[in-house]
Each structure stands twice: as C-alpha cells, then as structure tokens.
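Undergrad: Taken in order, these protein sequences are the chains called A and B.
Sequential numbering of the first sequence, starting at 1, is according to this note's numbering.
Sequential numbering of the second sequence, starting at 1001, is according to this note's numbering.
Be aware that a few hints might be false.
[To be verified] Residues on chain A that point at chain B, a partial pick, calculated with CB under 7 Å:
| hint | residue |
| --- | --- |
| 1 | Asp-30 |
| 2 | Pro-39 |
| 3 | Leu-43 |
| 4 | Pro-75 |
| 5 | Leu-90 |
| 6 | Trp-95 |
| 7 | Pro-105 |
[Claimed, not checked] Within a straight-line C-alpha distance of at most 30 Å, the following computed DSS-like cross-link-like pairs (lysine-lysine) qualify:
| hint | chain 1 | residue 1 | chain 2 | residue 2 |
| --- | --- | --- | --- | --- |
| 8 | A | Lys-9 | A | Lys-70 |
| 9 | B | Lys-1068 | B | Lys-1052 |
| 10 | B | Lys-1060 | B | Lys-1077 |
| 11 | A | Lys-9 | A | Lys-57 |
| 12 | A | Lys-83 | A | Lys-14 |
| 13 | B | Lys-1060 | B | Lys-1049 |
| 14 | A | Lys-71 | A | Lys-9 |
| 15 | B | Lys-1097 | B | Lys-1077 |
| 16 | A | Lys-9 | B | Lys-1097 |
| 17 | B | Lys-1056 | B | Lys-1068 |
| 18 | B | Lys-1060 | A | Lys-9 |
| 19 | B | Lys-1052 | B | Lys-1097 |
| 20 | A | Lys-57 | B | Lys-1052 |
| 21 | A | Lys-83 | A | Lys-57 |
| 22 | B | Lys-1077 | A | Lys-71 |
| 23 | B | Lys-1097 | A | Lys-70 |
| 24 | B | Lys-1049 | A | Lys-71 |
| 25 | B | Lys-1052 | B | Lys-1077 |
| 26 | B | Lys-1077 | A | Lys-57 |
| 27 | B | Lys-1077 | B | Lys-1049 |
| 28 | A | Lys-9 | B | Lys-1049 |
| 29 | A | Lys-14 | A | Lys-70 |
| 30 | A | Lys-83 | B | Lys-1056 |
| 31 | A | Lys-14 | A | Lys-57 |
| 32 | A | Lys-57 | A | Lys-70 |
| 33 | B | Lys-1068 | B | Lys-1097 |
| 34 | B | Lys-1056 | B | Lys-1097 |
| 35 | B | Lys-1060 | A | Lys-57 |
| 36 | A | Lys-83 | A | Lys-9 |
| 37 | B | Lys-1068 | B | Lys-1049 |
[As the list claims (entries may be wrong)] If you want a taste of the chain A side facing chain B, the calculated C-beta under 10 Å gives, among others:
| hint | residue |
| --- | --- |
| 38 | Ser-7 |
| 39 | Pro-8 |
| 40 | Phe-12 |
For the record, the hints were derived by calculation from the structure and aren't laboratory data.
Note that CB positions come from ideal geometry on N, CA and C, so glycine has one too.
Residue strings, one per chain:
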Amino acid sequence: DGGITQSPKYLFRKEGQNVTLSCEQNLNHDAMYWYRQDPGQGLRLIYYSQIVNDFQKGDIAEGYSVSREKKESFPLTVTSAQKNPTAFYLCATSWAEGETQYFGPGTRLLVL
Amino acid sequence: GDSVTQMEGPVTLSEEAFLTINCTYTATGYPSLFWYVQYPGEGLQLLLKATKADDKGSNKGFEATYRKETTSFHLEKGSVQVSDSAVYFCALTLNEKLTFGTGTRLTIIP
Chain A
1 DGGITQSPKY LFRKEGQNVT LSCEQNLNHD AMYWYRQDPG QGLRLIYYSQ IVNDFQKGDI
61 AEGYSVSREK KESFPLTVTS AQKNPTAFYL CATSWAEGET QYFGPGTRLL VL
Chain B
1001 GDSVTQMEGP VTLSEEAFLT INCTYTATGY PSLFWYVQYP GEGLQLLLKA TKADDKGSNK
1061 GFEATYRKET TSFHLEKGSV QVSDSAVYFC ALTLNEKLTF GTGTRLTIIP
C-alpha cells in the first residue's frame, strides 16, 4: 500500500519536553516537507529536504529540528524552545522540489 | 512575495446547488496552481491542478481554469453533495515554494 504515513495521530507534550513526529513514505519521492496548520489558517512551511542528509529552514523553523538520514523518513522534533506547539502538523512529499506535493494524514499535537 | 487570496468562508449551500469558490493570486512569474481539499481531521488531498494559462483542471466533478489575464483559478462544481463538505485550499507553486490561501470551509446541507 503506497503512500505517506504519519504517526502518531495524536500526541501530547508536557511543558519542557521534546517530542518527535514521524513521517514515512514509500513513494520513492526525493523531496519531503513539514507544515504547521493552525485553526482557520493556511499551511506554513517549517522545514524541507530535497535529498538525503540535506534540509533547509522554511518560514517558521524556530523551535523545530529535523533529520533526513533515509530517503523514506523525515522526522520532525518539536523542541521545548517552541513556545506555542499546539497545532496540526502535516508532512508532504514530491518527486522533486517544486513539483506537486502530496500530503500525509497529519499529527495533532497538544500541550498538557 | 507570492500570495493567494481565497473567498472567505464559511460557505453553506443546499445539496445540488452550484458551487463557486473564488481564488486569485499574485506572483512574479508563471506559477502552477492547485486546489487541495481537507476533510475533517485529515490531511490535504490534491483535488486538481493546472500548470499553464488556459489549462483546465478537473476531478470528481470539480473544475478550475487557469486565467492569466485575471490571475484567477476559481473552483466550480455544478451540483454539490453532502460529501463535498470540507475545507478547500487554493495554492500556487513558483520558485520551488508552495504558497497556500487560508482555506474556505464548505458545508452542504441535505
């Protein structure tokens, strides 16, 4: 079954805690992206990666970190430096940067 | 910078009504244009796209035409169904960046 998987569907973070959101794809796409969605707003780009072992900051990278050790995986860590982490996080992929992006089902992060 | 402006919602229609959701864009070049749909609690699904002027994207009864002269990409459907209730996002890609509008929530009443 091809596609993009994100886990978990819901994630809870305590104050001062780092949490990691998973994004896996078996579409053989080179580019991967992380977006944040807040209620009533569009999507804002956090980080993106064109190839393995390379990634760039998006518009709102502060308080987040990523890694791209494998083509299939692009995990996002929400650090304690992110003061307002409650949001819906969406991972996307495309076969190359600038091409059509396809989205995963999302992870909703809530702060306890 | 590049931007997308969508008609503000929410939009409420009766089943079988005609739908139009307006979208206009500002871009320094010639972007590709997209409509994505988001059902409650889910990620975004690509609904349709157009890559050059006068192209018409279509899918599931929805259509949108890339109008360079009016910098628009309005989404239309002739007869909506309850299952079309969702949030619709217009977006453009240019210079390798995808820029979204703020979304339009559509509710269809039986």
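Undergrad: It remains to establish, for every hint, whether it holds in the given structure.
TA: Results for each hint:
no.: 1; hint: Asp-30; result: 12 Å, violated
no.: 2; hint: Pro-39; result: 10 Å, violated
no.: 3; hint: Leu-43; result: 5 Å, holds
no.: 4; hint: Pro-75; result: 17 Å, violated
no.: 5; hint: Leu-90; result: 5 Å, holds
no.: 6; hint: Trp-95; result: 13 Å, violated
no.: 7; hint: Pro-105; result: 5 Å, holds
no.: 8; hint: A:Lys-9 x A:Lys-70; result: 22 Å, holds
no.: 9; hint: B:Lys-1068 x B:Lys-1052; result: 8 Å, holds
no.: 10; hint: B:Lys-1060 x B:Lys-1077; result: 9 Å, holds
no.: 11; hint: A:Lys-9 x A:Lys-57; result: 24 Å, holds
no.: 12; hint: A:Lys-83 x A:Lys-14; result: 12 Å, holds
no.: 13; hint: B:Lys-1060 x B:Lys-1049; result: 13 Å, holds
no.: 14; hint: A:Lys-71 x A:Lys-9; result: 22 Å, holds
no.: 15; hint: B:Lys-1097 x B:Lys-1077; result: 28 Å, holds
no.: 16; hint: A:Lys-9 x B:Lys-1097; result: 26 Å, holds
no.: 17; hint: B:Lys-1056 x B:Lys-1068; result: 12 Å, holds
no.: 18; hint: B:Lys-1060 x A:Lys-9; result: 27 Å, holds
no.: 19; hint: B:Lys-1052 x B:Lys-1097; result: 17 Å, holds
no.: 20; hint: A:Lys-57 x B:Lys-1052; result: 29 Å, holds
no.: 21; hint: A:Lys-83 x A:Lys-57; result: 18 Å, holds
no.: 22; hint: B:Lys-1077 x A:Lys-71; result: 38 Å, violated
no.: 23; hint: B:Lys-1097 x A:Lys-70; result: 23 Å, holds
no.: 24; hint: B:Lys-1049 x A:Lys-71; result: 26 Å, holds
no.: 25; hint: B:Lys-1052 x B:Lys-1077; result: 21 Å, holds
no.: 26; hint: B:Lys-1077 x A:Lys-57; result: 37 Å, violated
no.: 27; hint: B:Lys-1077 x B:Lys-1049; result: 15 Å, holds
no.: 28; hint: A:Lys-9 x B:Lys-1049; result: 28 Å, holds
no.: 29; hint: A:Lys-14 x A:Lys-70; result: 29 Å, holds
no.: 30; hint: A:Lys-83 x B:Lys-1056; result: 43 Å, violated
no.: 31; hint: A:Lys-14 x A:Lys-57; result: 25 Å, holds
no.: 32; hint: A:Lys-57 x A:Lys-70; result: 18 Å, holds
no.: 33; hint: B:Lys-1068 x B:Lys-1097; result: 19 Å, holds
no.: 34; hint: B:Lys-1056 x B:Lys-1097; result: 22 Å, holds
no.: 35; hint: B:Lys-1060 x A:Lys-57; result: 35 Å, violated
no.: 36; hint: A:Lys-83 x A:Lys-9; result: 21 Å, holds
no.: 37; hint: B:Lys-1068 x B:Lys-1049; result: 14 Å, holds
no.: 38; hint: Ser-7; result: 13 Å, violated
no.: 39; hint: Pro-8; result: 14 Å, violated
no.: 40; hint: Phe-12; result: 17 Å, violated
In this structure, the earlier hints numbered 1, 2, 4, 6, 22, 26, 30, 35, 38, 39 and 40 are contradicted, and the remaining ones agree with it.
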